[in-house]
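Chains as they are written, first to last, in numbering that gives the first Met the number 0: chain A, 0 to 282; chain B, 0 to 181.
Please keep in mind that the hints were generated in silico from the structure rather than gathered at the bench.
Think of the CB as a built atom: it goes at the ideal place given N, C-alpha and C, for glycine as much as any other residue.
You may find that some hints are simply not true.
Said to hold, decoys possible - Chain A side only, calculated, beta carbon under 7 Å to chain B, not exhaustive:
id, residue
1, Tyr37
2, Val48
3, Ile58
4, Asn183
5, Lys235
As the list claims (entries may be wrong) - Covered by chain B, per the in silico footprint, the following chain A stretches (three or more residues, Cβ under 8 Å):
id, segment
6, 106 to 113
7, 205 to 217
8, 242 to 253
9, 269 to 276
What the hints assert, rightly or not - Simulated pairs of lysine-lysine, PhoX-like, Cα-Cα distance not exceeding 20 Å:
id, chain 1, residue 1, chain 2, residue 2
10, B, Lys106, A, Lys179
11, A, Lys54, B, Lys132
12, B, Lys67, B, Lys136
13, B, Lys67, A, Lys16
14, B, Lys14, B, Lys67
15, A, Lys46, B, Lys181
16, B, Lys178, A, Lys179
17, A, Lys224, A, Lys170
18, B, Lys67, B, Lys11
19, B, Lys181, A, Lys171
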Amino acid sequence: MEIRCIKADAVTKTVKKLFMDCNYYIGNDIMGALENSYTTENSPIGKNVLAQIIKNDKIAAQEKIPVCQDTGMAILFVEYGDKVVIEDGCFNDAVNEGVRQAYNDGYLRKSVVSDPVFDRVNTKDNTPAIIHTKIISGNTIKITAGGKGFGSENMSAIKMLTPSYGVEGVKKFVLDTVFKAGPNPCPPIVVGVGIGGTFERAAQLAKKATFRSIDTHNEDRRYAKLEQELLSEINKMGFGPAGLGGSTTALGVNIETSPTHIAGMPVAVNICCHAARHASAII
Amino acid sequence: MQKRIKLPLTDKDIKELKAGDSVLITGTLLTARDAAHKRLFELIEKGKKLPVDIKGQIIYYVGPAPAKPGHTVGPAGPTSSYRMDKYTPSLLDLGLKGMIGKGARNKDVVDAIVKNNCVYFAAIGGAAALIAKSIKKEEMLCYEDLGTEAIRRYTVEDFPCIVAIDCEGNNVYETGPLKYRK
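Same shape as in the complex, but just chain B (with noise of 0.2 Å):
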């Protein structure tokens, strides 16, 4: 069963996603990646605002491929989350309510998404072409300069997603390969 959601989560929306639950996700959402991570995170270290309001926000981890003529977006899966768990603490604690990305997150970023009442999705890494059917406008918000790492706003309609971390701290990327580990 494919439970639909809306964007913004509100925080019983997140109370109610269990690890596990296959979501389809509408609504807007900020993508960034590596070097607008890093931007972002010295930013806070100085004590500077940020550019855009994370507040609440969703950050979905992808660089995506040009568009060719006639579509809205490339190809734009998932990138793999552990290179940003550096940074994803601070944005968590600043009012960030959530992630997509793919792969597992390390111990700090779970006990962040716990403490902040978040929540970490996976899409699927590798299938591009797909989730880009269900990313209906993209706008330039900042960082240009980075090419396919800037900071886009995304308006998704039906995106596929797991709930990977739940706000409890459940784990799919644990208890998952568990059941079938032989």
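Excised from the complex, chain A in its bound form (with noise of 0.2 Å):
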């Protein structure tokens, strides 16, 4: 395979659309989940929440605005081809660049601080942002990005379990740590788990989970189960619409895996709220 030269501002311009896009156009799997639960919730007032939800959903598509005032951290899955060239700069660059672009131009808010501790200073441009990169063999740049709110990113989890727990010990703490959320992560949820690897590709595998549209399963038939068995006892909590009561907490439940060592079985549980927002493009 030849090498392929791609210019920096073409990697900008596409990840300021996505960028655009994913906050201001909900995903068909998220309003398609939304309007079934509208039919089957219990509550009245969950019902009324929904339908508030959906009506915010087509209001923010038609007038180009976010769905949600908290645009996120700008995050990214890249699948970088090691037979491209970046010309006229550098990949990071062009990423930062283009959120920069996204978040001013498109009216996103700007919510990330320089410093975590002392400063907390705002950046004014939404940057750095979260940069996940994975090299494959070919000439294209594979890009999904998404605006992470931290309403229900602060109510996330990770724990590293042992393999004598098993399945029950991971059924246990995806559950507690959705139990412990409550109404504060914007139900209904997405919950993304990442189970295997180390400490920290278990967290990124649920941040994973989180992009992949919730009318997907994972490939692997146990898991897949596991995914439905989660999402039914999550609705059981009765927590419902904006925790205020009702049968729809979650709309998806995703799992994505990965080997691990022979003493560990880490779990991580990230938690999206219901404006689970993220788009590809293919350079």
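Two independent chains are provided; combine them into the complex using the hints.
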């Protein structure tokens, strides 16, 4: 395969469009699940909340404004072809420039502070982005981008389970985490679960799971079944839309897994609000 | 049934609000979230005067997105209230009458709500574009350097909320989910 040159500007333009699009247009998977939940929700308040969320998401798309004021930290999962060379610049700078332009020109909220503990001064352009890059064989770049709000991010958790905990231990940790989050992460939520790898890999997988459409299932039937079981258990908790009571607490549970160490079974749970935003493009 | 209520709320108005009521709020309210609360709290601790009069007011926990040209405000949904729990009892003791936010509050906040005859409303998290429609006017009051976290005055019309914690301490975040828990 021949080396392919891609201009830094093409990366910037793609990233800009992805962040504007994902903040304005909620995905068909989420809209479908919201509309379906509206018909099945038992609680009158819950039904009313779902109707408002559906109306909100339609207004946002029509007026090209963000569905939520928390347009999040900018996160990207990148599959970078090893035959690609970036012309006139570097890939990470081009991505951050795209984020800068999207958040400025797209009227998105700038929510990033430079120092987490002492200064907490806003960087005013929502950079730096969180970029997860995987080098793959090929001459294209695939980017999946999403804005992640912190109402739900703050409710996430990780635990270094050990092998003897088994599948029951995984279930318990996921359910405990969702129960503890209660009404705070803007239910109905999407739950991303990362199992395996190391401490940081599990967390990354959990995030990746929230970026997967909720109308897809894990390819391994055992995990697909676990996704369904967890969803059903979560919807028995009663938190409901906006946490005010009801039968729709989660819209979907996605699990991603990875090989791990003989001594370990890390589990990470990344909770996402109903505004589960992500968009993809291939350059 | 949605009840229409006007701000400022009188003590009698507050007594009539019951946890679980759907309300449409009209009037003016203040906005403040994490960073503004921290500054207000530090002033209170030092015994200094606050830059805004909170007596009789309602604070909406929000950090709006920027307004597009032609829009009064950008999307402006509620942020999680529990992060303000540390600061809220002091503000209620100084005369604040209520808050609009989302999610549960701790016991100190519920106790201060009951003690001071106040109310906590829930707005729908993530319904920011819809809520912005009910915000008719925005004025910058102070802490402009905080950007989205500055303290503003919003004039709202028919802002849809639910009474989450009433002046007797009844709490929908506790009772609502229990009704549907299996």
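To see whether the hints hold, each was checked on the structure:
no.: 1; hint: Tyr37; in the structure: violated, 14 Å
no.: 2; hint: Val48; in the structure: holds, 6 Å
no.: 3; hint: Ile58; in the structure: holds, 5 Å
no.: 4; hint: Asn183; in the structure: holds, 4 Å
no.: 5; hint: Lys235; in the structure: holds, 4 Å
no.: 6; hint: 106 to 113; in the structure: holds (count 5)
no.: 7; hint: 205 to 217; in the structure: violated (count 0)
no.: 8; hint: 242 to 253; in the structure: holds (count 5)
no.: 9; hint: 269 to 276; in the structure: holds (count 3)
no.: 10; hint: Lys106(B) - Lys179(A); in the structure: holds, 16 Å
no.: 11; hint: Lys54(A) - Lys132(B); in the structure: holds, 12 Å
no.: 12; hint: Lys67(B) - Lys136(B); in the structure: holds, 14 Å
no.: 13; hint: Lys67(B) - Lys16(A); in the structure: holds, 17 Å
no.: 14; hint: Lys14(B) - Lys67(B); in the structure: violated, 39 Å
no.: 15; hint: Lys46(A) - Lys181(B); in the structure: holds, 18 Å
no.: 16; hint: Lys178(B) - Lys179(A); in the structure: holds, 18 Å
no.: 17; hint: Lys224(A) - Lys170(A); in the structure: holds, 12 Å
no.: 18; hint: Lys67(B) - Lys11(B); in the structure: violated, 39 Å
no.: 19; hint: Lys181(B) - Lys171(A); in the structure: holds, 17 Å
Hint violations for this structure: numbers 1, 7, 14 and 18, all remaining hints satisfied.
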